[in-house]
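K.L.:
Sequence:
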Amino acid sequence: MTTITAKMVAELREMTGMGMMECKKALVEVDGDIKKAEELIRIKSGNKASKMAGRTAAEGVIAIAISADKKTGAIVEVNCETDFVAKDEGFLKFANDIAAAIANDVSATIENVANVKLATGEVLEEARKAIIAKLGENMSVRRFVRYANAKQLSSYLHGNKIGVLIDVESSDDSLGKDIAMHIAAAKPKALDASGVDLELIETERRVAAERAREAGKPADMIDKIVEGTVNKFLKEVTLINQVYIKADDGKQTIEQLLKAKSSKINGFTLYVVGEGIEKKVVDYAAEVAAAAKVN
Numbered sequence: 119m120t121t122i123t124a125k126m127v128a129e130l131r132e133m134t135g136m137g138m139m140e141c142k143k144a145l146v147e148v149d150g151d152i153k154k155a156e157e158l159i160r161i162k163s164g165n166k167a168s169k170m171a172g173r174t175a176a177e178g179v180i181a182i183a184i185s186a187d188k189k190t191g192a193i194v195e196v197n198c199e200t201d202f203v204a205k206d207e208g209f210l211k212f213a214n215d216i217a218a219a220i221a222n223d224v225s226a227t228i229e230n231v232a233n234v235k236l237a238t239g240e241v242l243e244e245a246r247k248a249i250i251a252k253l254g255e256n257m258s259v260r261r262f263v264r265y266a267n268a269k270q271l272s273s274y275l276h277g278n279k280i281g282v283l284i285d286v287e288s289s290d291d292s293l294g295k296d297i298a299m300h301i302a303a304a305k306p307k308a309l310d311a312s313g314v315d316l317e318l319i320e321t322e323r324r325v326a327a328e329r330a331r332e333a334g335k336p337a338d339m340i341d342k343i344v345e346g347t348v349n350k351f352l353k354e355v356t357l358i359n360q361v362y363i364k365a366d367d368g369k370q371t372i373e374q375l376l377k378a379k380s381s382k383i384n385g386f387t388l389y390v391v392g393e394g395i396e397k398k399v400v401d402y403a404a405e406v407a408a409a410a411k412v413n
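Residue 382 in our numbering sits at position 264 of the sequence shown; the count goes up by one each step and never skips.
If you are wondering where the hints come from, they were derived from the structure by calculation, not from laboratory data. Every value quoted in this text rests on a predicted model; they were computed, and no experiment measured them. Any given hint could turn out to be false.
[What the hints assert, rightly or not] Under the rule of at most 20 angstroms between Cα atoms (straight-line distance), these lysine-lysine pairs were calculated in the PhoX-like manner: (1) K154 x K143; (2) K379 x K269; (3) K153 x K142; (4) K353 x K377; (5) K279 x K269; (6) K188 x K205; (7) K189 x K205; (8) K295 x K269; (9) K350 x K307.
[Said to hold, decoys possible] FRET-style restraints, in silico, Cβ to Cβ: (10) S289 x E244: 36 to 46 angstroms; (11) K235 x A365: 39 to 49 angstroms; (12) K153 x H276: 36 to 46 angstroms; (13) A232 x K153: 21 to 31 angstroms; (14) I363 x S312: 40 to 50 angstroms; (15) K211 x E147: 40 to 50 angstroms; (16) M139 x D310: 54 to 64 angstroms.
By construction, the Cβ of each residue, glycine as well, lies at the ideal position given by its N, Cα and C atoms.
Work out the full structure: start from the sequences and follow the hints.
P.N.:
What follows is the structure in structure tokens.
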């Protein structure tokens with residue numbers, strides 16, 4: 119039987135990124151054959167990923183990549199199960215590598231993202247399985263937007279949990295980042311009214327109408343009240359109508375700011391980690407109590 123040395127374990131760990139104990143076990147199982155051990159780990163890591171596929175991944179990070187000429191870029195949400203893993207350097211690198219790969223891949227879609235090649239030449243799905251095996255949590259690429267032929271891309275990340283990628287036409291190099299920061303804080307739903315989801319608008323209409331009726335407003339006034347409420351809602355949720363968070367007078371809107379700077383916003387994407395994902399709430403006290411009864 120081949121003696122498994124520390125050097126062999128270290129070499130396999132360097133090749134796979136796995137923990138020392140898992141590398142040693144793999145080497146023992148294949149009698150010290152490094153190549154077979156690497157293959158074994160890849161097989162087992164794939165099985166591990168499959169077992170975890172059903173677990174909710176609602177934590178994670180937003181990663182952004184922009185080309186040197188600021189014409190091409192991507193914003194990506196990569197999820198994991200816990201905030202602890204979201205802070206892991208390996209997971210952060212994995213997310214950033216994905217953003218860079220998507221930015222460089224003109225054919226990338228959410229349907230084929232598993233086949234996107236990273237800068238290392240590794241297929242994304244293989245890298246995902248490997249890091250799942252290493253960190254022990256389910257992970258997924260939830261969504262992304264790729265920009266190409268942009269005028270000037272700028273971005274802002276707030277603790278990797280909120281990310282903004284924006285395309286701005288301006289002679290002011292700092293304007294894009296300033297507005298990206300505004301977006302992260304004010305969270306507009308669209309650039310202007312034309313981009314707001316019609317379902318959201320209809321919901322505002324129904325709520326406003328019901329409130330007016332409950333308040334005993336005359337029937338001939340309800341339509342005007344509803345329209346006023348909807349217009350107010352649209353001003354609050356559309357970027358160009360929002361008051362710029364850095365406005366000196368506290369009144370200047372984004373639209374006024376753009377006009378003053380002779381600038382234009384072509385589009386933006388705002389991602390918040392876990393937004394819209396239903397998180398499973400675990401009652402640990404109940405679990406302990408139930409376990410105590412069984413024992």
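K.L.:
Which of the listed hints are broken here?
P.N.:
As far as the earlier hints go, 5, 6, 7, 14 and 15 are violated by this structure, in ascending order.
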